[in-house]
Amino acid sequence: MDTVLEVRNLKTYFYIEQGVIRAVDGVSFSLQAGKTLGIVGESGCGKSVTSRTIMRLLSPTLARIVAGSIKYYPADGAPVELTQVDPSGDQIRDIRGNEIAMIFQEPMTSLNPVYTIGQQIMEAILLHQDVSKERARARAIDVLRLVGIPLPEQRVDQYPHEFSGGMRQRAMIAMALSCNPRILIADEPTTALDVTIEAQILELIQQIQHDNNMALIMITHDLNVIGEVADHVIVMYLGQVVESAPVDDIFENPKHPYTQGLLNSLPMIGRGDRLEPIIGSVPGPHERPRGCSFAPRCPHVMDRCRAEMPPSFVLGPASDVACWLYDETIEVSHDAN
Amino acid sequence: MNKLAGNGRRFRLFGLRKKHDERDVQDEYQLLTVRQLMIRKFLRNRMALLSFIALVIIYLVTLLAGFFAPYTARDADSKLTYSPPMAIRLQDPETGHFHLPFFYPLRGKRNMETFQLEYVEERAKRIPIQFFVRGEPYLALGVIAWDVHLFGSSDPAERLHIMGSDVRGRDLFSRIIYGGQVSLSVGIFGVLITIAVGSVIGTLSGYYGGVFDNVVQRVIETIRSFPQLPLWMALAAAIPPQWPPEWVYAGIVVVLAFINWTGLSREARGLVLSLKERDYVHAAEASGASTARIVRVHLIPNMASHIIVTATLAVPVTILGESALSFLGIGVRPPMVSWGLLLNDAIKIQNIVLYPWTLFPGLFILVAVIAYNFLGDGLRDMVDPFSR
Amino acid sequence: MTPTEAVGADVILEVRDLRLHFPIKAGLLKKTVGYVKAVDGVSFSVYAGETLGLVGESGSGKTTIGRCIVRLYKPTTGIMRFRTKAGLVNIAELDKRELQPIRRDIQMLFQDPNSSLNARMRVGDIIAEPLDIHAIGTAAERRTRVEDLLEHVGLGAEMYNRFPHQLSGGQRQRVGVARALSIEPRLVICDEPVSALDVSVQAQVLNLLSDLQEELGLTYVFIAHDLSVVEYISDRVMVMYLGKLMETAPTRKIFERPTHPYTEALLNSIPKRIRGGHRKRYVLAGDIPSPVNPPSGCVFHTRCQYAKDICKTETPPLQPLPDDPETSVACHLAEEVTLQPYYTAEERRVLEADRA
Ligand SMILES: Nc1ncnc2c1ncn2[C@@H]1O[C@H](COP(=O)(O)OP(=O)(O)OP(=O)(O)O)[C@@H](O)[C@H]1O
Ligand SMILES: Nc1ncnc2c1ncn2[C@@H]1O[C@H](COP(=O)(O)OP(=O)(O)OP(=O)(O)O)[C@@H](O)[C@H]1O
Ligand code: SF4
Ligand SMILES: [Mg+2]
Ligand SMILES: [Mg+2]
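Chains as they are written, first to last, in the working numbering: chain A, 42 to 378; chain B, 151 to 538; chain C, 37 to 392.
Honestly, the hints are just simulated from the structure, not real lab data.
These figures come from a predicted structure and were not determined experimentally.
We put the beta carbon where it would ideally sit given N, CA and C, even for glycine.
No incorrect hints appear here.
Estimated spans, in silico, between C-beta atoms of each pair:
no., chain 1, residue 1, chain 2, residue 2, range
1, C, Lys-67, B, Ala-454, 30 to 38 Å
2, A, Glu-369, B, Arg-194, 49 to 57 Å
3, A, Pro-330, C, Glu-362, 47 to 55 Å
4, B, Pro-395, C, Ala-62, 49 to 57 Å
5, A, Leu-98, C, Ala-171, 50 to 58 Å
6, A, Gln-73, C, Thr-374, 34 to 42 Å
7, C, Ala-171, B, Val-404, 38 to 46 Å
8, A, Asp-171, B, Val-517, 55 to 63 Å
9, A, Gln-73, B, Glu-427, 46 to 54 Å
10, C, Thr-113, A, Thr-232, 33 to 41 Å
11, C, Thr-374, A, Ser-110, 53 to 61 Å
12, A, Leu-98, C, Thr-120, 53 to 61 Å
Listed next, the in silico BS3-like pairs over lysine-lysine satisfying Cα-Cα at most 30 Å (straight line):
no., chain 1, residue 1, chain 2, residue 2
13, C, Lys-61, C, Lys-110
14, B, Lys-426, C, Lys-61
15, A, Lys-76, C, Lys-308
16, B, Lys-498, B, Lys-229
I would like the entire structure built from these sequences, with the hints used as guidance.
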């Protein structure tokens, strides 16, 4: 298939006064054109840091990529190793926004309050495309219309505070789409919004993805959203990918105890029976357990889990799981499914 | 059955105690109490810590001015007017021998061309500096009669002026220490009034709002619409000239607090407005807590540290204000001494050229003001101990 | 007091025509220039021992209703009759002193576990606060009670001397639960108590709440914007839009047979996984209008796909369906249109087959 992005064993650490925070600690996935990768996990598991690392948006004084590779495959030309490019250089600036665009979690804070929506979209266009101001403005109006903002000719001259939350998120999407990116990274684009607005935004993103054959990375903590939009899902816990599988497998045949726990904790309409939460809560960034990071909360934990970190076991063409229960080389009872 | 997933251990509601124990050993952040966190944050700010130590020393010295100052503030010597600072020596410049600390007395000689008094060291007379020397009697802490000074000339006839002397031959160093009593206490008293008035009015107008708040805010805006120094000057000038110096001192304190309370009151009001919308206040209200209880249990503890920061940062403003007024001659009056008043000696440009040591009080003002600002900075870090 | 209408013996709270209009002040003299009609004529009953879910978009007035019931706000107009030992009392009218005994019976649980606990107080003191306020028991008795409560909500008595920052989000929410339960209320208003929590912790708190309800016979009004949470915990659901109730019905019926177009739109907005593909769904256009100038007639008519002329002019009352008194709906077309349930018949068959 048409792979556009390939991430292998990515590790991004924060070096702060109190020590090292291993925010992303071994993330691998590949992304195909026209497909949606869902990244799901609880708060603090490193979803946003992963996406910011791909965009090279983290300041190198604070965060360091300590291992791994991020390969971007442009439409023509040689693959680009994003971990090697200068995070403030021209090369990444050409890719950022133009080929890989991002929508942020907070629609309120990611728009600049002192510029009109139109100015902000035009800036994005003028940065990457050699067009006149008039063309850029026309394009800005076009994308605003595309994302369903009524009366875009008037709205283009309004300021962010004159937009409602949902409309701001649409404006963000308009900005992200203004250069027809090949990859869109959406970091919790609907978390701050009502269900009805969330439905509008998801519908919009999916439609644009379909029309432009765009690859989408959908980051969220909401499994219900993942179930609706994703083709392939990676489940993250404490900076690591614990399971990676096609969406139907994740929901119908989850392998990792954490994925199983998440699904058992998830209220789903019509499921009826009592929720079975995972015990305890996600440890703080400084207290990563030894061995398997899920071991303190895992119902199937074995001695080995506490001592050794499980590697990724390949279970199928597109399915991996990082759990000792799936180690075929030793005898374990496979009671997980 | 739900076919989704494995036989996860069933969540038992009341059997969780042991499980949580396992999680107790955590990040140290979670092990410290609020107070410990605050102290840790403060200690992490080196400049603030240094400033705090410096201020403690300065205040101790001024508090025990009689002991630390070699002379009293009024002790004059007409033979040594405008004497320059005298060097404290350990080594004899001629022989190169080392001695215990000593100084050479100064002898005035009139320069017959300029008619200025010029001082030269009398090298023949080496006068040792003595510690815990007996000298002028004073009242330690205002009550205990005593006459021991930390250091001084071993020969009462030969005076030691380590920072020079003034027009009447009074020791500048001693006068600075005594002046610190006024300058630094004006800061403290002014800010105490500021806190008392500002936080009460601010809390009330934030909590009750309505007409009272409206009136208070308009009054504050009016006061703040004047430039600070001219307003101070106008108010200070209104203090009756026939008042005794102590009254004038109190008057100046009030004048300085008159503007400062407005800033603090706004701060307090803003805090109350935001705190009273916190859910824990709502929870208390929904349980029927009285207003007094909410203010006491929820508002004050959460406001106190912010108020202290604002107040700390208001001290240097007050100190500067007093200095400015006294420097201009409308602040405290002789025989009281204050840093601003001392600096008044340097008001004429030729004095600065001829007697540059009259600027020493300015240095003390600078040090105190900067130290307070660093301290305020450090306290500000402390106020929000939860941010890492 | 108003002449008592017939109120069923199992009704713990009866709300009639509740309104809360927040004045909008502007200018130097703070003149009132308009009103935010946060709650605009709402009537419902809460039955003892049930969980009544309250859903609606942001700004629809859910929190405001909750705060009226615990009397953080005094309603502009309306009646709220609460069942005490002495019979029904209209708590909308009571003053501060008269409210004091009632406050022991109605407590509130808050959304944000960070702002609902005073960071400078110890967990034990936080939980004991309502006991302190009502001067219940001696200091020693209070301490024992708090330790019991801590055990009860799954925290352990050793948490007594902790500070909130030393707890995780879920643990903090448990402290909030313990505080609300410390004076043995009968009615608890839960204002989005799990919205700020992670999925795994959210499930813990939901289970805790339902276990406590069973054990202590509590009644909940459960506010949420997440319909799947509401479906899990509630016996009945009220759907709110722009300060008005659109529909009340038993939970199962809301999802299987919605009768208000807004309910239908909400259900359709919930993300849903259809095996092996994506669905095309109907999404509600536009944003919720401003509660300062709500639309005339049916407040939902500006976004309703079924709206007719009558909807623009006449306000439909909330009334029971003729064939189903358990369901009340405020829509002119309630009996004419057939609405989509959450699962289509086809999906339901698949789901049931899966479960079998
Ligand atoms: N600037 C930073 N400095 C230090 N640590 C950071 C920084 N940004 C993130 N982290 C840490 O990295 C970890 C991962 O954070 P990240 O923001 O990726 O989480 P997330 O999965 O996006 O969570 P959420 O669902 O809350 O958005 C967290 O433990 C966080 O504390
Ligand atoms: N104290 C207040 N003063 C003025 N307006 C208010 C006040 N509290 C709420 N409102 C307004 O009343 C309306 C209803 O608010 P409310 O908080 O009850 O909504 P909600 O349904 O709880 O929303 P959310 O899901 O965002 O919590 C909103 O338009 C809000 O702006
Ligand atoms: S490796 Fe062990 S602890 Fe980790 S998830 Fe698998 S069984 Fe649980
Ligand atoms: Mg994030
Ligand atoms: Mg609310």
